[in-house]
Amino acid sequence: MKNRWRVLENKIFVRWLSIVSIITMILLLVFFLTLLISSWPAIKANGFGFLWGKTWDPVANHFGMLPFLVGTLITSFLSLLISAPFSIAAALFLGEYYPKGLVPNIFRNVIELLAAIPSVVYGFWGLYTVAPLVSKIEMKLHMPAPGVGIFTASIVLSIMLIPYSVSLIRQVISMTPTSLKEAAYALGSTRAEVITKVIIPTNISGISAGFLLSLGRALGETMAVTILIGNSPEIPHNIFSPSYTMASVIANEFTEAVGNIYLSTLIEVGLLLFVVTTIINIIGRMIIKKVSY
Amino acid sequence: MTPYDIQGLQGRRVKDRIFTSLVWGLTFSCLAVVFIILFYIFEKGIGSLNWAIFSQNPKPVGENGGGMLNAIVGSLMVVSIAAILAIPVGVSVGIYLAENRGRKLSDRIALAVDVLQGIPSIVIGIVIYVWIVKPTGKFSSYSGSIALAIMMLPPIIKNTEETLILIPTTLKEASLALGASYFRTTMKVMLPAGIGGIFSGCIIGIARIAGEVAPLLFTAFGNPALNFNILKPVDTIPKVIFTYASSPYDDWHRIAWGGSVILVSFIILLNTIIKIFESRWKVQF
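First to last, the protein sequences are chains A and B.
Okay, so the first sequence: first residue is 1 according to this note's numbering, each after it adds one.
Okay, so the second sequence: first residue is 294 according to this note's numbering, each after it adds one.
Any given hint could turn out to be false.
Covered, in the sense of this in silico footprint (three residues per stretch, anywhere, with C-beta under 8 Å from a C-beta of chain A), are these stretches of chain B [as the list claims (entries may be wrong)]:
1) 332 to 342
2) 349 to 357
3) 366 to 380
4) 413 to 420
5) 451 to 465
6) 498 to 504
7) 550 to 557
If you anchor each label on the Cβ, the simulated ranges turn out as follows [stated by the list, open to error]:
8) Leu-302/B with Leu-81/A: 30 to 38 Å
9) Lys-140/A with Ser-539/B: 25 to 33 Å
10) Ser-179/A with Phe-321/B: 44 to 52 Å
11) Arg-396/B with Thr-129/A: 45 to 53 Å
12) Ser-322/B with Leu-180/A: 42 to 50 Å
Simulated from the structure, these hints should not be mistaken for laboratory data.
Since this is a predicted model, take the numbers as computed values, not measurements.
Built from N, CA and C at the ideal position, the CB exists for glycine as well.
Just need the whole structure built from these sequences, with the hints factored in.
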């Protein structure tokens, strides 16, 4: 009797393991279908013009998401650009200059602390510290000086990206074959030359994958950006103008959306965000996996 | 000019120096940023903390004082239910991946888990809204927990898998040779041997979701009253910070700084626990 029960419990266990694993795998597909079905009314009503429509007027049921698209892309790329030198330097410091030891270990943990601060706290902090600074710069340049806008959001976002890209790039860099580095040193290269001519070129695909994954993160970052971007659904004139991103328009307007088409349009924006970040993540992960062997 | 300087040795040396100091400088400015931010949060926050924040519910708009008791309770509720939902599933998937390494199916599952980690949290919020909030017609605390549980899965799965593959197969084979079933072997041999790594995976998951607002905006929504019912909406600490930070009232900003400090200290505490666990209970044979 006891034996039979043990056989049964074993069977149930094995079945359970494969069922939850497969559910986890198809979760993404289910997400996609859920978003697609719920945004179908909007896709039909808005058509393809939705992507390059310039006006966002929910009252008139007129939806164009070009302002959000532009706002999202500029903010994300700008933040990636700002954080790139810092991430590469810190990754070289921890992965190549001082890969082991107590002090680098502390450094690594300190940089990882950046990931411990929640997005909304970054936004709040930025509102108190970065926004006034940016506002001063704007006044010097004789522009309207609200302080919030693309530039402010990008600066704070770039800080948020650092722990993420540092850990990805450090991993890639530390996997450089020692023989390659030693060969370069034996030929009389300086350390800077080894880094710029051997380590970075051999790992260029891994490093790009690290930045690609950081970009995916920047595109979907919501709360800090919502607080700092200024929430203005117009196409920005320059990098200081207030703007809007795809994630923050969802965050701000979703619960206030009256009418089926409006809500469904916001879900369509979410669908787009989902598709783009999924593609970015699949490509990035595949490259990282390829270079890890 | 020395004969050695034929290939511009001096110049290359200078370049190397400049490069090295650039790397040092940029790395140290990263560290400086960490301290600037943490110092600012703690300086602003600790001054704002008082007993009322922990013991009172929010006052109506315009009145000073009040606290975030409702949000502290709400956060604990939403996060602990999310953990209860996510941990069994996450550990199971981790076991599956560790057992079936190298198979095509498990490679795909592992890729899906990685991609899931990169999905913007707000999208998960929308999906849960469509699944649960829309059919039931009301915002609820458990729908927020489900959204957070999905976000917690990837770190739990990854850590479980990575810990279990470090355990030598001889240990498993010994147990199986004694006649223990696969289930018993997993429960009594594999999981106890890897408990440190699995536990730290769970803590990483909790640290990841404790500060999340985006998936809760249209699931757990918010509730100015104290609530213990998982079928009703609740406030959470990060949600209150968001609402108060975007308001014009100074007193609300003060409470939001208090909330920030509570949240950040909690997450840093979790990170410290992870570090201790990783060094003490590391799988090593």
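Tested hints:
1. 332 to 342: It holds: at least three residues are needed, and the segment 332 to 342 of chain B offers 3 whose Cβ sits within less than 8 Å of chain A.
2. 349 to 357: It is violated, with 0 qualifying residues against the three required.
3. 366 to 380: Violated - the segment 366 to 380 of chain B has 0 residues with a Cβ nearer than 8 Å to chain A, which falls short of three.
4. 413 to 420: holds (count 7)
5. 451 to 465: violated (count 0)
6. 498 to 504: holds (count 3)
7. 550 to 557: Our answer is that it holds, as 4 residues pass the Cβ test (under 8 Å) against chain A, meeting three.
8. Leu-302/B with Leu-81/A: 30 to 38 Å: Since the Cβ atoms of Leu-302/B and Leu-81/A sit about 34 Å apart, the hinted range of 30 to 38 Å holds.
9. Lys-140/A with Ser-539/B: 25 to 33 Å: Check passed, 27 Å falls within 25 to 33 Å.
10. Ser-179/A with Phe-321/B: 44 to 52 Å: The hint (44 to 52 Å, Cβ to Cβ) is violated, given that Ser-179/A and Phe-321/B are roughly 31 Å apart.
11. Arg-396/B with Thr-129/A: 45 to 53 Å: holds (50 Å)
12. Ser-322/B with Leu-180/A: 42 to 50 Å: violated (30 Å)
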